[in-house]
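Student: So the sequences go chain by chain: A and B. Numbering-wise, the first sequence is residues 1 to 443 according to our numbering. Numbering-wise, the second sequence is residues 1 to 443 according to our numbering.
In short, the hints are calculated from the structure, not lab data. Just so we're clear, the structure is a prediction, and the values are computed from it rather than from any experiment. Wrong hints could be hidden among the right ones.
Stated by the list, open to error - With the Cβ distance kept under 10 Å, some of the chain A side facing chain B (calculated, not the full set): (1) A5; (2) R10; (3) N130; (4) T159; (5) G185; (6) M193; (7) D227; (8) D252; (9) S253; (10) G302; (11) A314.
Claimed, not checked - Here are some, though not all, of the chain B residues that point toward chain A, as calculated from beta-carbon distances under 10 Å: (12) A5; (13) G23; (14) E66; (15) G118; (16) L124; (17) S180; (18) N181; (19) L202; (20) F218; (21) V306; (22) V338.
Cβ atoms here follow ideal geometry from the backbone N, Cα and C, with glycine treated the same way.
Number of protein chains: 2
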Amino acid sequence: MNSSALLTDRYELTMVDAAMQSGTADRLCLFEAFARRLPHGRRYGIVAGTGRLLELIQAFRFEDSELDWLRDHGVVRQPTLDWLADYRFSGEIWGYQEGEAYFPGSPLLTVESTFAEGVILETLILSVLNYDTSVASAAARMVSVALGRPIAEMGSRRTGEQSAVAAARAAYIAGFDATSNLEAGRRWGLPTMGTAAHAFTLLHDSEEDAFRAQVAAFGPGTTLLVDTYDIKTGVELAVKVAGTELGAVRIDSGDLPTVVAAVRDQLDSLGAVNTRITVTSDLDEHTIAGLSGSPVDAYGVGTSVVTGSGAPAAGMVYKLVAHKGDGRGADAGDWIPVAKASVAKASLGGRKRALRRIDGTRTAREEIVDVQGTGIDLPVDLPSESHRELLVHLVNGGVPDERYLGHAGTVLAREHRAAVMQELPIEAFRLGQGEPVIPTVYR
Amino acid sequence: MNSSALLTDRYELTMVDAAMQSGTADRLCLFEAFARRLPHGRRYGIVAGTGRLLELIQAFRFEDSELDWLRDHGVVRQPTLDWLADYRFSGEIWGYQEGEAYFPGSPLLTVESTFAEGVILETLILSVLNYDTSVASAAARMVSVALGRPIAEMGSRRTGEQSAVAAARAAYIAGFDATSNLEAGRRWGLPTMGTAAHAFTLLHDSEEDAFRAQVAAFGPGTTLLVDTYDIKTGVELAVKVAGTELGAVRIDSGDLPTVVAAVRDQLDSLGAVNTRITVTSDLDEHTIAGLSGSPVDAYGVGTSVVTGSGAPAAGMVYKLVAHKGDGRGADAGDWIPVAKASVAKASLGGRKRALRRIDGTRTAREEIVDVQGTGIDLPVDLPSESHRELLVHLVNGGVPDERYLGHAGTVLAREHRAAVMQELPIEAFRLGQGEPVIPTVYR
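Start from the sequences and build out the full structure, keeping to the hints where you can.
Tutor: What follows is the structure, given as structure tokens:
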């Protein structure tokens, strides 16, 4: 992996530079990532990006090319350059497991390290968590209204070309079944899908020629795109060319409830009773919900999922919440909670622990943020039947927990999300704007 | 640069595979990227991403690692793998110069190549143009309401970590003066900025200690962040520590018009009459416009610029608009315009030329899209005083025009944007929703 070290705001390095001069760079600190609110009146959010982030933190290394550029541009001084050259994150990171539901104030990620080691990761942590969580939070709502029908992410063309890979992964964690993005298939082991676009039909001398070419290449089980010219003619031709064994037709335009019903009738009347209908026309959670009574067999979603369906950034911030004095290790003293008081941006100092209270019906009722302030180690015991610990140890002495990385970590996150969704109150799945489905309680 | 070849939807490769079997893969084709509408009732858009795209097309190569993955996952057959192994884009690309204004239907990019060579670039072209253009189109509006005050992009944490680099570049093209993103500084030669965040103040035993540390490190010309606790106290401390030579104070919260006025009075009364005021609190084009009468010296913009201020994807599509028969070169015959007829997604076939009609006052009046259909070469003569050719030759026989690449290309795009803005009717700069400021006329 290429170095991720310059995917960073300049002031992170400038602060390290100044803190090294003032002798505060080595103070032990706690940083916390959290969101003050859920985007867009949503009822819950889904954490994503964590596994990807852990890999990027491993790649956060200043090699000669980074150091030379920083030196040439006078960003930091020589002692800081020397320190950066040796930079390896060596601290602790706890966080909500990837795929976990979250609410306003949930302490999603806690970094314990020296000031310099922790502050320098701020931009990278927020870029990854804000984007991926935005996508997963939108995607989870689409999955819940798809009512078990397969749903594929195909929005690569509507977001930055590298964000597209992250979006495919985040949507998969949120319960999407596949992606069109090949790099996401390679990088994260996700299932990929896709057959043909309108260009393929337009290339050929007739729609029938195009269908014949596609069926010759992939067999009758393929998905034919039937709306290039006229849907009724397209469906007729599709069954004529592929026979009643035609795998699926794809519809990418029109008033979908009407069109889908007509296409189903037409397919059935032509004997293609097992041919599936895939729809892909500017779908979002609302249009998918509107198709719940229609004979749709699969959804493909583009723009809305990769842009967070109206909330393209999850609004997470990363704040210093506590530090110790100037000693190290046992001499460092107690944690000193710190918080800013800026209007509408106040933060809550101190180390947090997070528990979800689950009632006797296995339903989540409260997000409990336990503000301990001083150095109680995580986790501690609480009755397991009624409180679920939300923080997991992601990085131990600079070493990430392998379970959360790569393909396996992505699958684990997807499974965790599925389990967590079972726990949420049913009101979580209402699409309309409203309050978080469970309150965040500080104690 | 790493290979960009798998930053692609699976169906692009599947179509190549089927077309190779059906003998249509080598048909000469024209593909066109355009937007059916401007996002969000805007009056104009700004094209960005072109220079970045040309470099990514150069990196669109299938090496062993890509080919192995495609083979192992059965995406395409062996003849297609052999073709991909040799893939180098060898065709022609014309397009709007980066930084150009655009309107609905403007033919932003035209790719002339075989079907296979051109279709396979679709996803990459759209990812880059949709994201970068979204950012530049939002950024240009912020620049115009900043009324010449410096404006910096600092939204890296609110978009994917690689999109952040692209966003910095797009905002710079749109007239932003600097970015916080270091990789954008290294990769594209953009000016970078940034000093300290709230964490730096919270790290120290007092706000005064933090200010002393920062001034000791960077001198009194630095920018002190004064809103961690109480702005009035913060400003007083800042001047006490740095003296009246303090470079700037930064305000990141509060009701800005009120706060800015009070801080200016306070600075002046303390004798810090040259100390500048930078504001950075969740700004967008509307809040910036609301500060036009306030004594703000510089703006820093985050979320809204990197997410396109409500329109995170520019809505561009890439359509096959014409092809020739099966012959090659002189034998290939005439261009055959093709277009799909899907409801609300109809496209206009044929090769386009684009001209902007400029009246005697040097004001743009019409976007003229000249639908020629058959193979007239670009450009042709028209009276230069009244019509400006909008398409430039970006790639010639597979070779990109060097002028549009790298740092120089980015600066050229920024200059072009500045010149183009002079040409737009004054109504272009109204923030309210409305119609495109000039009509698109087909002829």
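Student: Does the interface hint hold: is G118/B within less than 10 Å of chain A, judged Cβ to Cβ?
Tutor: 9 Å, holds
Student: Less than 10 Å between beta-carbons is the criterion; does D252/A satisfy it with respect to chain B?
Tutor: Cβ of D252/A sits 7 Å from chain B, so the hint holds.
Student: Less than 10 Å between beta-carbons is the criterion; does A5/B satisfy it with respect to chain A?
Tutor: This hint holds: A5/B lies near chain A, its Cβ roughly 8 Å from the closest one there, short of 10 Å.
Student: A closest beta-carbon separation below 10 Å is what the hint needs, so does E66/B meet it against chain A?
Tutor: At 8 Å from the nearest chain A Cβ, E66/B passes the 10 Å test, so the hint holds.
Student: Do the numbers back the hint for R10/A, that is, is its least Cβ distance to chain B under 10 Å?
Tutor: 4 Å, holds
Student: If you take the shortest Cβ to Cβ gap from N181/B to chain A, is it below 10 Å?
Tutor: At 7 Å from the nearest chain A Cβ, N181/B passes the 10 Å test, so the hint holds.
Student: Under 10 Å, Cβ to Cβ, is where V338/B needs to be relative to chain A, so tell me if that hint holds or is violated.
Tutor: 4 Å, holds
Student: Can we keep the V306/B interface hint, with Cβ of chain A closer than 10 Å?
Tutor: For V306/B, the interface hint holds, since the closest Cβ of chain A sits about 8 Å away, which is under 10 Å.
Student: So, as I understand it, the hint says D227/A touches chain B; can you test that by seeing if any CB pair is closer than 10 Å?
Tutor: 5 Å, holds
Student: Should the interface hint for A314/A be scored as holding, given a Cβ-Cβ cut-off of 10 Å against chain B?
Tutor: Cβ of A314/A sits 9 Å from chain B, so the hint holds.
Student: Hint check: is the beta carbon of L202/B less than 10 Å from a beta carbon of chain A?
Tutor: 4 Å, holds
Student: With a cut-off of 10 Å, does the beta carbon of S253/A approach a beta carbon of chain B closely enough for the hint to hold?
Tutor: 4 Å, holds
Every hint, counting from the list given before, is met by this structure.
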